[in-house]
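Colleague: Sequence:
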Amino acid sequence: MALRDPIPIIFIPNVILPGRLAKLKTSSIEKSVFRDIISKRKDKQKGFPLHIGLIPSLSGDLPLKPGMIGTYARFISYTTEMDSDRYEISLSAEKRMIVEKRAPSSNAYAMAFIRLHDDPIESHESFKMMNRRRDIITPSMMNYIHNNLNARLGNYSIIERMADSLNFSFEDMKEILEALSLTDRISKFANMLDKYVPEARKKSVMTMAVVKNNPQGFNSTKAIRFLSPLGDHSQRDAELVERIEAAGMPPDVYKAAMEEYSRLQSMSSHGSEYSVSRNYIDTLVALPWSTSSLDEIDINKAKEELERDHYGMAKIKRRILEYLAVRQLKKSQLKGPILCFVGPPGVGKTSIGRSIASILGRKFHRICLGGVSDASDIRGSRRTYVGSMPGRIINALKQCRTNNPVILLDEVDKMSDGRLHGNPLAALLEVLDPEQNSQFTDHFIALPFDLSQVIFVATANDIQTVPPALKDRMEVLELSGYTEDEKYHIAKDFIIPKQLYDHGLDSEQVIVPEETLRFVVTAYSREAGVRTLERKLAALFRDAALKVASFSSTDIPIPLLIDEDTVKAVLGVSLNA
1 MALRDPIPII FIPNVILPGR LAKLKTSSIE KSVFRDIISK RKDKQKGFPL HIGLIPSLSG
61 DLPLKPGMIG TYARFISYTT EMDSDRYEIS LSAEKRMIVE KRAPSSNAYA MAFIRLHDDP
121 IESHESFKMM NRRRDIITPS MMNYIHNNLN ARLGNYSIIE RMADSLNFSF EDMKEILEAL
181 SLTDRISKFA NMLDKYVPEA RKKSVMTMAV VKNNPQGFNS TKAIRFLSPL GDHSQRDAEL
241 VERIEAAGMP PDVYKAAMEE YSRLQSMSSH GSEYSVSRNY IDTLVALPWS TSSLDEIDIN
301 KAKEELERDH YGMAKIKRRI LEYLAVRQLK KSQLKGPILC FVGPPGVGKT SIGRSIASIL
361 GRKFHRICLG GVSDASDIRG SRRTYVGSMP GRIINALKQC RTNNPVILLD EVDKMSDGRL
421 HGNPLAALLE VLDPEQNSQF TDHFIALPFD LSQVIFVATA NDIQTVPPAL KDRMEVLELS
481 GYTEDEKYHI AKDFIIPKQL YDHGLDSEQV IVPEETLRFV VTAYSREAGV RTLERKLAAL
541 FRDAALKVAS FSSTDIPIPL LIDEDTVKAV LGVSLNA
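If you're matching positions, the sequence shown starts at 1 in the UniProt record's numbering and goes up one per residue.
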């Protein structure tokens with residue numbers, strides 16, 4: 001099938017077969033190419049994936065010619081390494097492709113019109129052909145092939161799965177990629193096994209020792225599959241190893257994960273320790289060790305967003321803009337202050353934290369610390385305890401799936417000293433200290449995780465109850481209560497439109513005059529924030545929704561006017577009037 005639009009073509013020093021998840025780094029591709037591709041990805045409309053053509057070449061970029069065969073891959077995501085301009089792109093290889101002709105390009109890479117090659121589903125003929133090579137292929141391999149003839153994973157065929165699991169040379173893998181006929185592909189694969197398997201069997205005894213002593217220097221997925229050729233281990237365990245390989249862990253974490261996997265292999269799946277060990281590995285794999293969100297700071301847009309979402313608070317907005325401006329100008333990692341918003345309930349402390357995350361383009365997560373009295377809530381519990389689990393910080397990172405979210409620590413003034421189960425306030429000190437949190441160690445994972453890229457924002461109602469040591473690590477910004485005029489504007493611009501939407505109404509069905517709204521603010525909302533005001537207005541709109549839903553042309557006029565008499569009838573006599 002020929003594609004209508006040209007796609008970027010990149011020459012890479014390795015072969016990626018269809019069906020694989022692959023990662024490309026700046027060690028194999030020029031940085032300018034990465035930047036152009038990332039820019040092209042951002043320009044794509046949401047919902048339309050970017051595809052790239054990958055052509056294997058050990059000689060760098062080659063003249064693009066019709067008939068070249070490569071891999072058609074879908075762009076998934078990209079990450080940048082901390083304190084560097086090195087990139088890594090994640091791709092999903094989907095199909096073989098054939099270059100039709102070169103297309104004009106002003107980018108750092110070539111563009112070409114291509115034709116996709118649809119592979120046929122393997123039939124029992126492929127099994128018969130492999131069966132003729134019983135002198136090379138082990139019985140467990142044959143059993144695997146027979147059981148999976150018609151169970152393909154996407155476009156990942158049996159031949160490609162087996163070829164990818166063995167240490168074939170670049171030339172051999174390129175031959176398999178360029179073999180468009182299934183018969184030709186099977187024949188080439190069988191001939192490659194002829195020269196590969198006898199030598200590999202001699203080394204099988206040493207394989208696991210290599211994995212254990214040098215985990216970064218050997219592909220453990222290949223080693224495990226070879227020791228039990230394609231069938232003796234469950235597919236679930238093989239997928240677990242693939243997830244470990246793809247998690248982007250630091251070397252010490254990777255080594256710990258592989259050692260735990262070795263322990264897992266020796267356990268019975270029905271034992272209690274098996275689930276603990278498996279849960280530990282799953283937690284390590286789920287953490288975003290090297291996945292970051294890219295900051296997209298625009299001070300003018302940030303100012304507009306703050307003005308749109310928050311009324312008043314001029315000093316608070318200016319301090320946030322100063323904070324963002326420094327982050328924009330200082331490209332390297334910033335060890336800035338931790339902002340703590342202090343004020344009465346309902347003045348917008350939590351929504352400010354959410355706005356900071358939105359402006360930066362980062363994930364947002366709220367952790368409520370009110371009533372927390374156990375240090376394990378912050379640091380997690382050790383795996384030796386029954387029901388052990390990670391702490392709230394690590395769980396927040398798992399849910400955000402990036403290592404640089406904005407985490408709001410809500411109500412830090414309401415934490416207990418927790419004398420019986422450790423002091424959670426003391427545990428929080430390491431989290432918030434920029435000199436220490438790059439090596440934060442949760443008791444459950446027992447390995448350091450870098451929190452230095454996380455932006456922490458705290459809130460409190462009373463700063464006097466926050467311990468001095470914790471207060472010393474934060475910059476306190478006080479939010480005062482709203483005046484009646486500010487409450488009026490907040491209700492008019494924010495609360496009423498929201499309540500109309502929440503109750504299925506619109507401004508043509510219900511009218512709230514200015515004098516009525518000011519009466520509600522004065523008589524029924526005397527607290528510092530606007531939560532009570534929002535509840536009172538919600539009650540009025542519920543009454544209006546009931547009247548509109550039971551509307552009859554003979555008794556209720558539309559639009560419905562909410563006046564002071566209606567307010568008194570619905571809300572009762574005000575104690576503040």
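The hints are simulated quantities; they were obtained by calculation from the structure and are not laboratory data. Just so you know, these numbers come straight off a predicted model, no measurement behind them. No residue lacks a Cβ here, since even glycine has one placed at the ideal position from N, Cα and C. Worth double-checking, as some hints may not be accurate.
Below, simulated DSS-like cross-link-like pairs (lysine-lysine); rule was C-alpha separation at most 30 angstroms, straight line [to be verified]: (1) LYS335 <-> LYS188; (2) LYS301 <-> LYS255; (3) LYS398 <-> LYS23; (4) LYS335 <-> LYS315; (5) LYS492 <-> LYS330; (6) LYS255 <-> LYS414; (7) LYS25 <-> LYS65; (8) LYS65 <-> LYS315; (9) LYS301 <-> LYS498; (10) LYS335 <-> LYS398; (11) LYS255 <-> LYS315; (12) LYS414 <-> LYS317; (13) LYS315 <-> LYS301; (14) LYS398 <-> LYS492; (15) LYS398 <-> LYS414; (16) LYS414 <-> LYS335; (17) LYS255 <-> LYS303; (18) LYS174 <-> LYS301; (19) LYS25 <-> LYS330; (20) LYS188 <-> LYS174; (21) LYS317 <-> LYS301; (22) LYS101 <-> LYS188; (23) LYS568 <-> LYS492; (24) LYS363 <-> LYS25; (25) LYS363 <-> LYS335; (26) LYS330 <-> LYS301; (27) LYS65 <-> LYS255.
Cβ pair distances, simulated, as ranges [as the list claims (entries may be wrong)]: (28) ASP118 <-> ILE297: 40 to 48 angstroms; (29) PRO251 <-> LEU329: 30 to 38 angstroms; (30) ASP493 <-> LYS315: 36 to 44 angstroms; (31) ASP565 <-> SER351: 32 to 40 angstroms.
Colleague: Hint by hint, say whether it matches the structure.
Modeller: Cross-check of the supplied hints:
no.	hint	result
1	LYS335 <-> LYS188	violated, 56 angstroms
2	LYS301 <-> LYS255	violated, 44 angstroms
3	LYS398 <-> LYS23	holds, 21 angstroms
4	LYS335 <-> LYS315	holds, 22 angstroms
5	LYS492 <-> LYS330	violated, 39 angstroms
6	LYS255 <-> LYS414	violated, 40 angstroms
7	LYS25 <-> LYS65	holds, 25 angstroms
8	LYS65 <-> LYS315	violated, 62 angstroms
9	LYS301 <-> LYS498	holds, 23 angstroms
10	LYS335 <-> LYS398	holds, 23 angstroms
11	LYS255 <-> LYS315	violated, 49 angstroms
12	LYS414 <-> LYS317	holds, 26 angstroms
13	LYS315 <-> LYS301	holds, 18 angstroms
14	LYS398 <-> LYS492	violated, 39 angstroms
15	LYS398 <-> LYS414	holds, 25 angstroms
16	LYS414 <-> LYS335	holds, 26 angstroms
17	LYS255 <-> LYS303	violated, 46 angstroms
18	LYS174 <-> LYS301	violated, 49 angstroms
19	LYS25 <-> LYS330	holds, 25 angstroms
20	LYS188 <-> LYS174	holds, 11 angstroms
21	LYS317 <-> LYS301	holds, 13 angstroms
22	LYS101 <-> LYS188	holds, 28 angstroms
23	LYS568 <-> LYS492	holds, 20 angstroms
24	LYS363 <-> LYS25	holds, 25 angstroms
25	LYS363 <-> LYS335	holds, 19 angstroms
26	LYS330 <-> LYS301	holds, 19 angstroms
27	LYS65 <-> LYS255	violated, 44 angstroms
28	ASP118 <-> ILE297: 40 to 48 angstroms	holds, 45 angstroms
29	PRO251 <-> LEU329: 30 to 38 angstroms	holds, 33 angstroms
30	ASP493 <-> LYS315: 36 to 44 angstroms	violated, 20 angstroms
31	ASP565 <-> SER351: 32 to 40 angstroms	holds, 34 angstroms
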